[in-house]
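Given chain B, put chain U in place with the hints provided.
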Amino acid sequence: MFGKILKNVAVAGLLASSILAAPAGAFERTDKGNVIVFGGRQAIPVLDPHIRYDWSTRMIQQSVYDALLKYEGDPAEMKPWLAEKWETSADGKSWTFHLAKNAKFHNGDPVTAEAVRYSFERGLKLNKGVAWMLKDFLAPENIVAVDANTVRFDLKAPYAPFLSFLPWWFVVNPAEVKAHEVDGDYGQKWLTDHAAGSGPFKLGRWEPNVLYEIEANAGYWKGWPQGEKNRPAGVIYKIIREPAAQKAALQRGEADIVEGLTPDDYMQIKRVPGVVIQDHKGMTTFGIKFNTQKGPTADINLRKAIAYALDYDALIQIYNGAASLETSPLPDAMKGHVAVPGMPRKDLAKAKEYLAKSAYPNGGITLPYVHVAGLEEARRIGLVLLDNLKELGITVEVKPEQWPNMVAAGSKVETSPAMTSVFTTPVSTDPDAVAYQYHKASWGQYYAMMFYDNPKVSEMIDQARAATSWDDRAKLYADIQKQIVADQPEVFGTLQNRRWAHRDYLQGFKFSPVRFTGEVDLYPMWVKAE
Amino acid sequence: MLTFAFRKVLTLVGTMIGIAALTFVITNVAPGDPARLVAGPNATEDMVTTIRTEYGLDKSLPEQFVVYMGDLVTGDLGKSIVTTRPVLEEVLRYAPATLELVFVAMALGIVVGVPMGMLSAVYKDGPIDHATRIFSISGVALPAFWFGIILQLTFAVDLGWLPVSGRLPLVTRPPQTVTGLLLVDSLLAGRLDTFWTSLRHIILPAIVLSFPCLASILRVNRAEMIEVLQSDYIVAARAHGIGSFRIVAIYALKNALLPTLAMIGLRFGWMLGSTVLVETVFDWPGIGLYAVSSALSSDFKPVIGVTLVIGFFFIVANTLVDLAYAWIDPRLRSA
Numbered sequence: 015m016f017g018k019i020l021k022n023v024a025v026a027g028l029l030a031s032s033i034l035a036a037p038a039g040a041f042e043r044t045d046k047g048n049v050i051v052f053g054g055r056q057a058i059p060v061l062d063p064h065i066r067y068d069w070s071t072r073m074i075q076q077s078v079y080d081a082l083l084k085y086e087g088d089p090a091e092m093k094p095w096l097a098e099k100w101e102t103s104a105d106g107k108s109w110t111f112h113l114a115k116n117a118k119f120h121n122g123d124p125v126t127a128e129a130v131r132y133s134f135e136r137g138l139k140l141n142k143g144v145a146w147m148l149k150d151f152l153a154p155e156n157i158v159a160v161d162a163n164t165v166r167f168d169l170k171a172p173y174a175p176f177l178s179f180l181p182w183w184f185v186v187n188p189a190e191v192k193a194h195e196v197d198g199d200y201g202q203k204w205l206t207d208h209a210a211g212s213g214p215f216k217l218g219r220w221e222p223n224v225l226y227e228i229e230a231n232a233g234y235w236k237g238w239p240q241g242e243k244n245r246p247a248g249v250i251y252k253i254i255r256e257p258a259a260q261k262a263a264l265q266r267g268e269a270d271i272v273e274g275l276t277p278d279d280y281m282q283i284k285r286v287p288g289v290v291i292q293d294h295k296g297m298t299t300f301g302i303k304f305n306t307q308k309g310p311t312a313d314i315n316l317r318k319a320i321a322y323a324l325d326y327d328a329l330i331q332i333y334n335g336a337a338s339l340e341t342s343p344l345p346d347a348m349k350g351h352v353a354v355p356g357m358p359r360k361d362l363a364k365a366k367e368y369l370a371k372s373a374y375p376n377g378g379i380t381l382p383y384v385h386v387a388g389l390e391e392a393r394r395i396g397l398v399l400l401d402n403l404k405e406l407g408i409t410v411e412v413k414p415e416q417w418p419n420m421v422a423a424g425s426k427v428e429t430s431p432a433m434t435s436v437f438t439t440p441v442s443t444d445p446d447a448v449a450y451q452y453h454k455a456s457w458g459q460y461y462a463m464m465f466y467d468n469p470k471v472s473e474m475i476d477q478a479r480a481a482t483s484w485d486d487r488a489k490l491y492a493d494i495q496k497q498i499v500a501d502q503p504e505v506f507g508t509l510q511n512r513r514w515a516h517r518d519y520l521q522g523f524k525f526s527p528v529r530f531t532g533e534v535d536l537y538p539m540w541v542k543a544e
Numbered sequence: 004m005l006t007f008a009f010r011k012v013l014t015l016v017g018t019m020i021g022i023a024a025l026t027f028v029i030t031n032v033a034p035g036d037p038a039r040l041v042a043g044p045n046a047t048e049d050m051v052t053t054i055r056t057e058y059g060l061d062k063s064l065p066e067q068f069v070v071y072m073g074d075l076v077t078g079d080l081g082k083s084i085v086t087t088r089p090v091l092e093e094v095l096r097y098a099p100a101t102l103e104l105v106f107v108a109m110a111l112g113i114v115v116g117v118p119m120g121m122l123s124a125v126y127k128d129g130p131i132d133h134a135t136r137i138f139s140i141s142g143v144a145l146p147a148f149w150f151g152i153i154l155q156l157t158f159a160v161d162l163g164w165l166p167v168s169g170r171l172p173l174v175t176r177p178p179q180t181v182t183g184l185l186l187v188d189s190l191l192a193g194r195l196d197t198f199w200t201s202l203r204h205i206i207l208p209a210i211v212l213s214f215p216c217l218a219s220i221l222r223v224n225r226a227e228m229i230e231v232l233q234s235d236y237i238v239a240a241r242a243h244g245i246g247s248f249r250i251v252a253i254y255a256l257k258n259a260l261l262p263t264l265a266m267i268g269l270r271f272g273w274m275l276g277s278t279v280l281v282e283t284v285f286d287w288p289g290i291g292l293y294a295v296s297s298a299l300s301s302d303f304k305p306v307i308g309v310t311l312v313i314g315f316f317f318i319v320a321n322t323l324v325d326l327a328y329a330w331i332d333p334r335l336r337s338a
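Going down the list, the sequences are from chains B and U. To convert, take the position in the first sequence, counting from 1, and add 14; that gives the working numbering. To convert, take the position in the second sequence, counting from 1, and add 3; that gives the working numbering.
Think of the hints as simulated: they come from the structure by calculation, not from any bench. We treat Cβ as the ideally placed atom computed from N, Cα and C, and that holds for glycine. A couple of the hints might just be wrong.
Stated by the list, open to error - These stretches of chain U come out as covered by chain B in the derived footprint (C-beta under 8 Å, 3 or more residues):
(1) 30 to 39
(2) 47 to 53
(3) 152 to 164
(4) 289 to 302
Okay, chain B solo, but in the shape it has when bound:
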């Protein structure tokens, strides 16, 4: 009886497999050409370039919109884009940009100085997303369309990082946006899932929570680096929420490129034939931020003791070697970075020495270590810390927390935990992008949850951002880096590598450290098909 059932099941299985078996997929072929499939974990709720800019959003924004300048390469450099050339006045306050004359929006309208002016005005007036980058230095009325192809920005004060932010200010077509305005909303509702850009791709299907498709803009004004013949027909960004499912999709050829796998997954998938791993030194810093104002960690000696007790090699091992140690608060790829001498490394004798000088000479305290729930590496770092601090008689409580809750707790000095694991990705290659995190004005932000207060550092940061000569700035940043390390507001941890896994037929991958964690420049990519 049982044997018969088993046989039936087997027969049914065979039948089913012959009917159901899917053909081994690769990139998607359509009648227009090859479509690249990107498997990413996070959704793109709002595409409007002046409202949001997390990595997945920015990847698509970069594809459908153009900015005055664009970051490319490693080390990242600003390339002329909509602006062919630019100059600044002697006092560093006035910037003039000369636009490319052949740039066209997707609907055929020319990209004019007025469009640029409108886009910056829109970004500033909406006061969301990218606005923080420029709003303290640029008033909407001080952007002038000098003629059809020249636009001038008159800043309130010299602001050295100004240029470094421009690649993230995308230019929208005012005619299209205004046509879709509802109750003076600057077209926000419409631009949520529509685009009015001039970029290399046009928007295709937009299925929230499922997939987003962009189609190649055949007549792109700047042409295609891989050649018109090789360029893909488009890219589908598919949301695959679990790393295990991402890995499976890449293995089965359902996705051509994926991001955000676990370190172990990268090790495994490296051995799969036809899979290539991109492994690049990134700019995302990992630090254990102390609350330097409230609780035991307000004591600098205790902070030093913890910094010297940590096993830094173990941090690298957690990433299976795909990370490096920070040698300064500024990531290596950042302009003005200096390797600060005497960065703490594991030295138990020194740790105990500092502990003896602190208010807790024998330990006997319990400190929380908060990390984002679900971030496996952050949890493991917590375990390393727990193990290491036992030797100082300090108990560590590893606490997973949802990201919104962690941000909320870190916004006030009273609730900011003694130790929080924080990954930070700078938005530009200008040192101000990181240095300003240690300015008092940053309090309330997640990356400033140490509530670091050194008036001298704040003052030097202000000076450096206003200085017009790079040499002056470089000197200031060197001092800033040294002083921050001396004050130990956090344990300076690792710079983890940025990694992607993709099929080998996918060509044209170009890394640039200034992009966000999973973000890829889709423009130069193509499929090499036999």
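Frame of chain B; chain U shown alone:
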């Protein structure tokens, strides 16, 4: 009967208000600052304030509650702070996928559960009965997400018979939306290949969703069948020499099915709630997945909205079952 129905509807309204109030309080006392979150990591305080004002989060909690309940009466579920869209619009966008999944899972539960319950009752205490018992116990006990991942690994990754996740292959464009149910819409559009592929996509999530329901249908139907099969009229029927298949499939099943049907009604609302897990595992773009992703980003309005919708269906299903019972058994009307 009419007053009974009226009372039920009143209770329904009261319960809905209760659900709304409770979820509103729970989501709002949870720590986390959604405005700061969507404003972005570098946003300045006045940028956060801009968003707070836009979404009415600058008002006190009681004030927000009054506004929310007021909007609710007019059918406005508020606006999602993450997607900036009206919650009602989004719930309507995602609901068909969930309903389709629930319908297929329900059908699966009935088509498999009822005959298995019958078999189990007829062959009581035999090997078939034991086998189905193990099956039904595991059905109730297996965590849906675990079971889902196991099925995915087996049938999608290892064997490659079925797709891993989603509702349609990447380059397949969905048929024109009529009902929102892909299986129906693709047939209406005359696209058999799309029907076939969406059927393949729904198999695994539907199995996972139907399993606990199937198990309870099986158990209830079995118990009822056993009782009915021992009743006098069946004994009489047997004595009259009526064929045993006819007895079981027609005379007994008819009477045993009533409690089973009631249970199916109750299971409907429960199933809607379970889609939260199943949809997450299978990336099924329904309201469950929408609720999960919203909850993870402290986006409260969609969470309340989805809870209300699921709660509504739950209560409606319960009420219908109650009414059906009362209609059958007048003694219950005064209860």
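Verification of the supplied hints:
1. Counting residues of the stretch 30 to 39 of chain U whose CB lies closer than 8 Å to any CB of chain B gives 6, so the stated coverage by that chain holds, three being the minimum.
2. Against chain B, the stretch 47 to 53 of chain U contributes 5 residues with a C-beta closer than 8 Å to a partner C-beta. That satisfies the three-residue criterion, and the hint holds.
3. With 7 residues having a Cβ less than 8 Å from any Cβ of chain B, the stretch 152 to 164 of chain U passes the three-residue criterion, so the hint holds.
4. Coverage of the stretch 289 to 302 of chain U by chain B holds in this model, with 6 residues showing a Cβ closer than 8 Å to a Cβ of that chain against a need of three.
Violated hints: none; the structure is consistent with every hint.
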